[in-house]
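Participant: Residues per chain, in single letters:
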Amino acid sequence: MFKKFEAKESIVGTNQIKNSVQRSIRTKLIDTYPNIEEYINDILPKKVNLKVVKCQDHIELISTDDEILFFKKRDGPFYPTLRLLHMYPNMLPKVQVDKGAIKFVLSGAHIMCPGLTSPGADLPEECLPTDTPVSVHAEGKINALAIGHMKMSSDDIKSINKGVGIDNVHYLNDGLWRIDL
Amino acid sequence: MTSSNFPLKVDYCGVCSLPPEYCEHGPLFDKCKEWMEENLPDEYARLILNKTQEELEAMSLNNSKKKQTRGGKAMKNITKKQEVQKQVVVGRSMRARKKYVTLVRGLKTCDMNLKKCSKAFGQKFACGSSVTGDDEITVQGDVVDDMMDFIVEELGIDDDLVVDGGDIKD
Ligand SMILES: [Zn+2]
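Those protein sequences? They're chains A and B, same order as listed.
Using this note's numbering, read the first sequence as starting at 1 and increasing by one per residue.
Using this note's numbering, read the second sequence as starting at 182 and increasing by one per residue.
Don't read these hints as lab results, they were simulated from the structure.
Just so you know, not all the hints are guaranteed correct.
Cut-off 27 Å, straight-line C-alpha distance, at most; resulting in silico cross-link-like pairs (DSSO-like, lysine-lysine) [said to hold, decoys possible]: (1) A:Lys47 / B:Lys300; (2) B:Lys296 / A:Lys103; (3) B:Lys190 / B:Lys279; (4) B:Lys300 / A:Lys103; (5) B:Lys190 / A:Lys46; (6) B:Lys190 / A:Lys28; (7) A:Lys4 / B:Lys289; (8) A:Lys54 / B:Lys279; (9) B:Lys289 / B:Lys267; (10) A:Lys3 / A:Lys51; (11) B:Lys280 / A:Lys51; (12) B:Lys300 / B:Lys279; (13) A:Lys51 / B:Lys296; (14) B:Lys305 / A:Lys99; (15) A:Lys103 / B:Lys232; (16) B:Lys279 / A:Lys51.
Residues of chain B clear of chain A, computed beta-carbon distances all greater than 12 Å [stated by the list, open to error]: (17) Glu202; (18) Glu205; (19) Glu218; (20) Gln268; (21) Gln304; (22) Val333; (23) Glu335; (24) Asp340.
Cβ pair distances, simulated, as ranges [what the hints assert, rightly or not]: (25) A:Phe104 / B:Glu238: 19 to 25 Å; (26) A:Lys28 / B:Glu238: 29 to 35 Å; (27) A:Val164 / B:Asp315: 41 to 47 Å; (28) A:Val48 / B:Asp327: 28 to 34 Å; (29) B:Asp345 / A:Lys28: 43 to 49 Å; (30) A:Pro45 / B:Asp292: 35 to 41 Å; (31) A:His58 / B:Glu235: 56 to 62 Å; (32) B:Asp345 / A:Lys99: 42 to 48 Å.
Here the structure is a predicted model, which means the values were calculated and not measured.
For each residue, glycine too, the CB sits at the ideal point set by N, CA and C.
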């Protein structure tokens with residue numbers, strides 16, 4: 001989503017978010033990520049003015065004055081930015097790619113099934129359905145390196161084991177990571 | 182999860198802005214390592230010192246491949262041919278969003294000892310300072326103005342030789 005993103009060209013405009021809309025975003029976030037309910041006031045303090053940064057390709061970034069917290073594309077779900085996810089790593093279900101996949105993920109490639117099913121990789125026991133936002137970790141590393149969107153369910157990834165299993169929506173050092181507000 | 186556990190504080194590399202465990206995949210691994218040794222000694226021990234020789238070689242191999250694809254070699258040759266001119270450039274460079282580092286280049290051309298200068302900078306500005314290249318010192322934070330004064334007043338380098346390089350892209 002942010003592979004070719006350049007803040008200068010891609011940002012269209014910035015608007016304050018009205019209080020009422022701010023409330024509905026809050027509700028939506030808790031809905032999508034029940035794990036963050038007890039921290040929501042730390043993540044989005046009630047008194048802080050939120051801004052929406054509109055970008056090309058129908059991408060919207062939700063930010064405070066100095067930090068981008070969430071982003072979404074069209075009517076898709078809100079994804080946390082990696083910096084926010086690093087602070088609250090339990091926000092999303094985790095998947096793990098093997099060592100060999102790291103450099104591909106960091107160059108923005110979508111994640112292929114074999115990189116998720118090899119011995120160094122890990123998928124949760126319970127099935128993650130299609131369209132679930134996930135945090136992508138890597139063998140031997142502590143912090144997530146990407147945020148993904150399940151293109152296949154995790155059960156299908158295990159059984160079919162071919163093709164793209166997870167879309168890479170945001171990764172370390174992509175255009176969103178490097179953005180300067 | 183209990184309230185006291187989150188948010189976690191994650192340290193990011195002052196050179197490439199990634200979590201240090203991913204520095205090996207960035208283009209500036211050597212600089213990252215120096216920065217890490219100085220600023221995050223625990224991470225340095227975990228990520229670098231704990232590795233076997235073989236693992237380290239694999240890591241830098243990973244890295245040098247990337248460097249070559251960026252075609253940096255030709256550039257280096259050109260700069261070598263240029264005459265050495267006495268000049269100290271002080272500029273800043275953006276790391277993570279809104280985080281700047283101050284770069285001091287050219288102290289060697291004025292016969293300064295980089296290690297000693299770096300240490301003096303760290304003490305003066307109470308922040309991380311490290312030698313990050315053949316003739317470059319990186320100091321955490323945007324201290325360009327104070328740095329220029331310091332270089333003139335404390336290191337005794339002629340005012341005319343110290344240049345404000347503005348925003349340096351590296
Ligand atoms: Zn680094």
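Participant: Hint by hint, note whether the structure agrees.
Facilitator: Hints versus structure:
{"no.": "1", "hint": "A:Lys47 / B:Lys300", "result": "violated, 42 Å"}
{"no.": "2", "hint": "B:Lys296 / A:Lys103", "result": "violated, 34 Å"}
{"no.": "3", "hint": "B:Lys190 / B:Lys279", "result": "holds, 18 Å"}
{"no.": "4", "hint": "B:Lys300 / A:Lys103", "result": "violated, 35 Å"}
{"no.": "5", "hint": "B:Lys190 / A:Lys46", "result": "holds, 22 Å"}
{"no.": "6", "hint": "B:Lys190 / A:Lys28", "result": "holds, 26 Å"}
{"no.": "7", "hint": "A:Lys4 / B:Lys289", "result": "violated, 39 Å"}
{"no.": "8", "hint": "A:Lys54 / B:Lys279", "result": "holds, 20 Å"}
{"no.": "9", "hint": "B:Lys289 / B:Lys267", "result": "holds, 9 Å"}
{"no.": "10", "hint": "A:Lys3 / A:Lys51", "result": "holds, 23 Å"}
{"no.": "11", "hint": "B:Lys280 / A:Lys51", "result": "holds, 21 Å"}
{"no.": "12", "hint": "B:Lys300 / B:Lys279", "result": "holds, 25 Å"}
{"no.": "13", "hint": "A:Lys51 / B:Lys296", "result": "violated, 45 Å"}
{"no.": "14", "hint": "B:Lys305 / A:Lys99", "result": "violated, 42 Å"}
{"no.": "15", "hint": "A:Lys103 / B:Lys232", "result": "holds, 19 Å"}
{"no.": "16", "hint": "B:Lys279 / A:Lys51", "result": "holds, 17 Å"}
{"no.": "17", "hint": "Glu202", "result": "violated, 5 Å"}
{"no.": "18", "hint": "Glu205", "result": "violated, 9 Å"}
{"no.": "19", "hint": "Glu218", "result": "holds, 19 Å"}
{"no.": "20", "hint": "Gln268", "result": "holds, 29 Å"}
{"no.": "21", "hint": "Gln304", "result": "holds, 29 Å"}
{"no.": "22", "hint": "Val333", "result": "holds, 31 Å"}
{"no.": "23", "hint": "Glu335", "result": "holds, 32 Å"}
{"no.": "24", "hint": "Asp340", "result": "holds, 32 Å"}
{"no.": "25", "hint": "A:Phe104 / B:Glu238: 19 to 25 Å", "result": "holds, 21 Å"}
{"no.": "26", "hint": "A:Lys28 / B:Glu238: 29 to 35 Å", "result": "violated, 49 Å"}
{"no.": "27", "hint": "A:Val164 / B:Asp315: 41 to 47 Å", "result": "holds, 43 Å"}
{"no.": "28", "hint": "A:Val48 / B:Asp327: 28 to 34 Å", "result": "holds, 32 Å"}
{"no.": "29", "hint": "B:Asp345 / A:Lys28: 43 to 49 Å", "result": "holds, 47 Å"}
{"no.": "30", "hint": "A:Pro45 / B:Asp292: 35 to 41 Å", "result": "violated, 53 Å"}
{"no.": "31", "hint": "A:His58 / B:Glu235: 56 to 62 Å", "result": "violated, 47 Å"}
{"no.": "32", "hint": "B:Asp345 / A:Lys99: 42 to 48 Å", "result": "holds, 44 Å"}
In summary, the numbered hints that this structure violates are 1, 2, 4, 7, 13, 14, 17, 18, 26, 30, 31.
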